[in-house]
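S.K.: Mind docking chain B on chain A? Use the hints.
Protein chains in written order, with the numbering used here: chain A, 4 to 165; chain B, 4 to 165.
Since the hints were derived computationally from the structure, they do not count as laboratory data. Note that the coordinates shown come from a computational prediction; the quantities given were computed from them, not determined experimentally. A hint or two may mislead.
Any copy will do: because identical chains look the same in the list, a pair fits if it lies in one copy or spans two.
[Said to hold, decoys possible] Each computed DSS-like pair below joins lysine-lysine, with the alpha-carbon atoms no more than 27 Å apart: (1) K42 to K162; (2) K107 to K42; (3) K32 to K107; (4) K107 to K162; (5) K107 to K131; (6) K7 to K42; (7) K131 to K7; (8) K47 to K7; (9) K7 to K72; (10) K42 to K32; (11) K7 to K32; (12) K72 to K131; (13) K42 to K72.
Spelled out, the chains give:
Protein chains: 2
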Amino acid sequence: MILKSQVEWVLHCCAILASLPDGRFLSTKSLAELHGLPKEYLSKALQSLSQAGLVHTSLGPSGGYRLAKAPGELTFLDIIEAVEGGGRTFVCNNIRANNPCRPKGYCESSPCAIARIMWEADEAWRGKLRSVTLADLVATLAEEVRPDIWAGTFEWVMKRTG
Amino acid sequence: MILKSQVEWVLHCCAILASLPDGRFLSTKSLAELHGLPKEYLSKALQSLSQAGLVHTSLGPSGGYRLAKAPGELTFLDIIEAVEGGGRTFVCNNIRANNPCRPKGYCESSPCAIARIMWEADEAWRGKLRSVTLADLVATLAEEVRPDIWAGTFEWVMKRTG
Numbered sequence: 004m005i006l007k008s009q010v011e012w013v014l015h016c017c018a019i020l021a022s023l024p025d026g027r028f029l030s031t032k033s034l035a036e037l038h039g040l041p042k043e044y045l046s047k048a049l050q051s052l053s054q055a056g057l058v059h060t061s062l063g064p065s066g067g068y069r070l071a072k073a074p075g076e077l078t079f080l081d082i083i084e085a086v087e088g089g090g091r092t093f094v095c096n097n098i099r100a101n102n103p104c105r106p107k108g109y110c111e112s113s114p115c116a117i118a119r120i121m122w123e124a125d126e127a128w129r130g131k132l133r134s135v136t137l138a139d140l141v142a143t144l145a146e147e148v149r150p151d152i153w154a155g156t157f158e159w160v161m162k163r164t165g
Numbered sequence: 004m005i006l007k008s009q010v011e012w013v014l015h016c017c018a019i020l021a022s023l024p025d026g027r028f029l030s031t032k033s034l035a036e037l038h039g040l041p042k043e044y045l046s047k048a049l050q051s052l053s054q055a056g057l058v059h060t061s062l063g064p065s066g067g068y069r070l071a072k073a074p075g076e077l078t079f080l081d082i083i084e085a086v087e088g089g090g091r092t093f094v095c096n097n098i099r100a101n102n103p104c105r106p107k108g109y110c111e112s113s114p115c116a117i118a119r120i121m122w123e124a125d126e127a128w129r130g131k132l133r134s135v136t137l138a139d140l141v142a143t144l145a146e147e148v149r150p151d152i153w154a155g156t157f158e159w160v161m162k163r164t165g
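Here chain A stands alone, though its shape is the one from the complex (with noise of 0.2 Å):
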């Protein structure tokens, strides 16, 4: 069970439209750039982000995206459900009612004990994604990137933003 990339390339460009000053949108194309990514493929991602209206876009030659929301109020789990979508890693198919020693017909009301420790341990995995937000990431990123890095990213960023 693997994430797609796509995880990876919209939680990193994501990282960067939260720097962007309000009314500034920023092009697939320089998000493509910036992470070295292949723009086609990039862009169904972005729309899928924009799809769940984690992001707003501008059409035209200055078009682009930016975030619909403030950082702080855009957790890890909104993106990655963006991508991956919202269903549970579990899926139970209640197999359970199979078995041929039940009176036929006969099964449970309540989910398999098999199914809700699976579902315990999705939650587990969501809590922790819903917790982390995008502010805190920025936070985190300014602290470890080199500040060299950090502001000439940023500077790259500006001179780009439609």
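M.R.: Just chain B, lined up with the frame of chain A:
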């Protein structure tokens, strides 16, 4: 990101194997029949358990599978990793290194903040799955499954063990 159906299958099969008396084996055919599963596909999933050292195999007409460890020593995570592999659910491709604003060839030696958060979430998922043993599952099932079905299933299985 969805786990394979085989994860559900082998968890149910291990719950049944946990009840076998010492030295008895249950065939793929019986496990498939009990759970209403396609024998050939189930066979592959059970071979994954064998390759991971979680079950012993016996060949011949009365052959089949039995647990290689006590149910209290087998965790959900052991069983799931046998089918899904033990790799992390998030793979970091270190795309920060592609940033054209970085000095050529420079990259931090420590993992990216995004990867660290994703790996913490992965570990929250694994931690939950590591905390539940097959013995815990069987104890829950023994409480929840209707006594006549529980006893009938045990009888059905015992008739078929080799």
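S.K.: All hints are to be evaluated individually against the structure, with a verdict given for each.
M.R.: Comparing the hints with the structure gives:
Proximity of K42 and K162 under a CA criterion of 27 Å is satisfied intra-copy only: 19 Å inside one chain copy versus 61 Å between copies. For the identical chains of this complex, K107 and K42 are inter-copy neighbours only, at 22 Å across copies versus 56 Å inside a copy, given an alpha-carbon limit of 27 Å. Proximity of K32 to K107 under the C-alpha cut-off of 27 Å is restricted to the inter-copy arrangement: shortest distance 21 Å between copies versus 60 Å within a copy. For the homomeric pair K107 and K162, the shortest alpha-carbon distance between copies (21 Å) is at most 27 Å, but the shortest distance inside one copy (70 Å) is not.
In this homomeric assembly, K107 and K131 never come within 27 Å of each other (Cα to Cα): the closest approach is 42 Å inside a single copy and 35 Å across copies. In this homomeric assembly, K7 and K42 come within 27 Å of each other (Cα to Cα) only inside a single copy, at 16 Å, whereas the closest approach across copies is 31 Å. For a Cα distance limit of 27 Å, the shortest separation of K131 from K7 qualifies both inside one copy, at 19 Å, and across copies, at 23 Å. Taking the closest pair of Cα atoms, K47 and K7 come within 27 Å of each other both inside a single copy (13 Å) and across two copies (26 Å).
Only within a single protomer do K7 and K72 lie at most 27 Å apart by alpha-carbon distance; the minimum there is 24 Å, versus 35 Å between protomers. Taking CA atoms no more than 27 Å apart as the test, K42 paired with K32 passes inside one copy only; the shortest distance there is 6 Å, against 50 Å between copies. Proximity of K7 to K32 under the C-alpha cut-off of 27 Å is restricted to the intra-copy arrangement: shortest distance 21 Å within a copy versus 36 Å between copies. In the homo-oligomer, the alpha carbons of K72 and K131 lie at most 27 Å apart inside one protomer (20 Å), although the nearest pairing across protomers, at 32 Å, exceeds that limit.
With identical chains, the CA atoms of K42 and K72 are at most 27 Å apart within one copy only, with a shortest distance of 24 Å there and 50 Å across copies.
This entry does not satisfy hint 5, going by the numbered hints stated previously; all others are met.
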